[in-house]
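Undergrad: As a plain string of letters, each chain reads:
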Amino acid sequence: MSRETTRPRWLNAADLAPFAILALMVVALALVPVFTQYTVRTANVYDIFQNFASYGLVALALGLTIIAGEFDLSVSAMYLLGGMVAVLTGGGSPMVGILVALGTAVIVGVAQGGLIARFRLNSMPVTLGGYLVVLGTTYILGHGKSVIYEDYNVGLRLDEPILQIFSIRSLVAIGIFAVTIVALRYLRVGRDIRAIGGDRRAARVAGVSVDRLLIGVFVMSALGAALAGALLSYSLATASPTNIGVDVLTFSATAALLGGVRLSGGKGGAIGIAAGVFSLSVLQEILAILRSPDYVSSLITGGLLVAVTIVWAPELSQWFRTTRVSASLEKDRTPA
Amino acid sequence: MIARVGLERRPLGIADYALGAWVAILVAVTVYGAATTTGFLTVSNMKAILTAASFVGIIAVGLTVIVLSGSLFSLALGQTAAVSAMFFLYSVRWGLGAAIILTLLLGLAIGAVQGFAVGAWGANPIIITIGAAGLLEGAAVWLSHGESIVPPDNRTSWEHLANPVLGLPAPVYVFIAVSILLAVVMRRTRFGRQIYLLGENRVAARAAALPITLLTVGAFGIASLYTAGSGILIGATSANASLLLVGSYTYDAIAAALVGGNAVTGGRGSIARTALGAIFIATISDMLLLRGYSTGGQILVRGIIVVVVVVLTNLRERNR
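Sequences listed follow chains R and Y, in order. Mapped onto my numbering, the consecutive letters of the first sequence carry residue numbers 1 to 336. Mapped onto my numbering, the consecutive letters of the second sequence carry residue numbers 1 to 320.
Please note that a few of the clues may not be correct.
If you anchor each label on the Cβ, the simulated ranges turn out as follows [unchecked claim]: (1) Y:ALA48 to R:ARG118: 36 to 42 Å; (2) R:ARG188 to Y:GLY20: 51 to 57 Å; (3) Y:GLU317 to R:ASP151: 27 to 33 Å; (4) Y:LEU181 to R:ARG188: 51 to 57 Å; (5) R:SER146 to Y:GLY247: 16 to 22 Å; (6) R:LEU156 to Y:ALA48: 44 to 50 Å; (7) Y:GLY247 to R:ALA20: 46 to 52 Å; (8) Y:THR36 to R:ALA202: 51 to 57 Å.
Keep in mind that the hints were calculated from the coordinates and are not lab data. Values in this document were obtained by computation on a predicted structure and should not be read as measured data. Ideal placement from N, C-alpha and C gives every residue a C-beta, glycine not left out.
Bound-form chain Y, shown alone (with noise of 0.2 Å):
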């Protein structure tokens, strides 16, 4: 029954005929700008396009747990990424194995202790999740002395996870990889419906006594060990890690959740829908770069696209 939860069909309203417009309009200027911008339909920026989706991707698709679980978002996950690949490319001298291991377990704790304080208290995932990235932040200082973390030299194994594999560089493989195992997870586990049924209605989830602390310390966890993930290929792509990666990813994975059309609120959307929202982000933001736009306009127009889709998928979601 669960499981059916936001599949039902229903007469469409105005708010389904303006967010299809709104898509119709992203689609087609999309396709335009592909037509003209000099440089965009080629073999080697398809691969860019995709190589800078895989990073966000991974992250958004972690996030999108969150979401549904009707936590809002987390503030914290530039900072989560770029402390996963600080350590990674430290801990790489112990064996690459166990500097994914250690790096990924890393990562979950980090989400876990976040999503403990959210579900057992109470407490707001917006303000926690900035406090835990301040907390990330002069930690990542204080115990690199505010250096850049280069792997030892006589490593060299962790370059395998930036290397391309069959044309195609290796996150992009990882990236399709967990978001087919995170879809299946929400679609066919307890787990799962159960993260769709607190996110739809929270009152019901506790008047069927669901595990709410635990489901949150789950959404969180996930959310933040997708972003290790992304981080330790972050890291062994750029060959050294610094707080200067944070860069935009906070903002990119959220944009994409959104832009996707997951409700903010909670209960309704989709891991696929997180991941073609990271590749039309990044599809957008490569053609503005193309064409010249400087970082502000880059910015600018994520912004404007987040807002519209914000309000569009709001009154959809209101029509049910």
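Here chain R stands alone, though its shape is the one from the complex (with noise of 0.2 Å):
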């Protein structure tokens, strides 16, 4: 028991994993110019931050509520809503469209933690009707079609190269990594999160405000997915009711999971997640330079996304064993 506490966090293979898959990834990424004629590029480099920038933030919210034992299925919807209000109000200035769309989050938020919390429901149905309600106003705001951004510059301005690799938008998406990592490591809020995520009944009768803070993840979940697709949009200069991309919610799922977040909740942090966005974030560079099609995209990310959740799933490693327990019994029985 004892042994269990005090041993240093670092040494465990689990916690490890995440980095181990990033840096896997960045070996693979290392062995293009191998067996191709491409030379990886400090441009490279920069594309995998860009990356981070338009998908990092989504895995960040979606993470958190899996961590808290729940699970936001609306984000995708948030991050096309998030961008949409954006463009549609950021005419004059861009920062009041992001203020807006961070403003929408927030009511979107409390009124899905709300009714998770106070009602005691499971969010996966609430927040599946959540995604409809959002992405219904999105098309409805867009009048089912793209809106451009009429201002070039902005996006011009936020993509532009800082210290070659870095961008104002991909350091947009680190520094809110960098202030969640110190968050849940070092403040009680992390501490609590986890609680609520492993035993909830326990975390109350501890004194832990759960509904608050359900409320809080699911408001962060929101504002984070709401951020990056505002982000992205003014990036692009146009809004879109329909996907922009990859699939938001499987390459959020993918490098939630594949960070260390388990979907038992309680377990996993900011940086093991951030891990997870670099490692597909390298990934999607990889693909993009070997000029893959995008179904190869969706075959590498969906079958991750199922290898990690069977990885991850409860049962396994008793199914494992009590198989292998029957095999043994079934041995012992037949004669020699």
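These two chains come separately, so use the hints to put the complex back together.
TA: Set out below in structure tokens:
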């Protein structure tokens, strides 16, 4: 018991897995020039950080809800709504657009988190309904079409390389990740979020204000998705009610799970999620360099998601143990 | 004994009245809409509603087995339907019967594999099915080279599946027949009762040594089999198939099951509820379309209905 708790965290193999996966992806990227004519440049590193900026905050948002023992299916719609609201209201000043998008996100987060906390509802069906409401609103706001953002300079400014590999957009994402990493690790709120994800009843008994935290988590989730969506829409100078680029939900779920977040709740942190997002961002860049068609990305991400879900599945080890036991019993029964 | 699960009489609580009121509001709005929407109360529009309800309904009643078994829902149904439609129109060159059987087997296999991961290993059903959806999309584009599938010119046998019989499109009859079949299976067979028990109380099901893996494989297998069946009809009706067919089938089917008032956590509900839910969703969508609402308006209304029903059914379940 005391051994469990005093053992330094960094010796835990499961905690190291996300970084091992990231290292593998980086090695794979480094090997690209060996097998192709292509040389990896700083531009590729810039691209990886841009991928991180586009999807990282959504993975962080979704990951937070999973750590709290919930699941926010509405993030992909919130991502689109954030972009739509920012483009429609940011005509005069992009900052105003972002603030309105964030305000919208607070409303969505409070509504969903409030219902889930107040009535103790399963978050899957609630956020599925939320997904439809948010997506429907995005369609209505855009009249079912893509909306152009007139001021192209905003996007150029956001994506202008800083120190060759960064941009304002990726630095914003990295900054928010840094704050979240510190908060989850060293502040009481981090411990409490893990507590309500691990054992909600015990957390309630221990005096954690579960309802307020749940609402907070869903607000954070909506905020992360909306901010990423708003920044991406400025960057592309367009907002659309249909998916832009990769399937955001699949990407962020895969990234969070690769990052060591468990679907049973209570486990994982922002640094792992960051490693998960970087792994997938590097993978996307490798696929882009190799000019692989889109379906390869779908197959690999889908396959990774299924694989990592099965690896983290609560009854997997038990299943192997019982099959091995019954197999050995079978062996005992057969006469030699 | 188990067959009576969910049938006990109990005093009505406030949530029952709230749910009753909500149903009354929905019915009133529908009746008002029906009376005031031009072109709604016509024979051809009724046929259109029934046809739309059939495609979604077949998927939704199959999905209900997953919901009742306590594995929430599947997010891969639209992809399964589209892939089935593509495979069916391709394989029709080997004969109609072979095409139907092969497509249904493909659907069954797709669902069974997902059900195995969920049942045997306790993998999260939502995430497994999101991953499966990605795999299906990737595989479909890969194998079809991104082109839509059209049936060979010399084969027209599949057209029968879309033709009207006695004035109604064939899918409507299929919807009614497979719904009744599944309702009987769920109420009258040991498999059905065990699914109810599994969804009602997983711990008790485990203690009673129910074959949880087999039941979950069965639930996902049936859902996917029914979805493949719907995919065949969708393919036959549209006469060409691509991933564009994925459309909103996944969310419409889930909405139908939820709007029917099935408990999301499993164990309580019925096939009939889902079938009614599918007809209701199709009616509302049709009415909104006729009244000139955009796609967004239709999605939004569906979302609001889902959220309200989820909250109210949950409150009612808690009073039991």
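Undergrad: Confirm or reject each hint.
TA: Hint-by-hint comparison with the structure:
no.	hint	result
1	Y:ALA48 to R:ARG118: 36 to 42 Å	holds (40 Å)
2	R:ARG188 to Y:GLY20: 51 to 57 Å	violated (45 Å)
3	Y:GLU317 to R:ASP151: 27 to 33 Å	violated (51 Å)
4	Y:LEU181 to R:ARG188: 51 to 57 Å	holds (56 Å)
5	R:SER146 to Y:GLY247: 16 to 22 Å	holds (19 Å)
6	R:LEU156 to Y:ALA48: 44 to 50 Å	holds (49 Å)
7	Y:GLY247 to R:ALA20: 46 to 52 Å	violated (40 Å)
8	Y:THR36 to R:ALA202: 51 to 57 Å	holds (55 Å)
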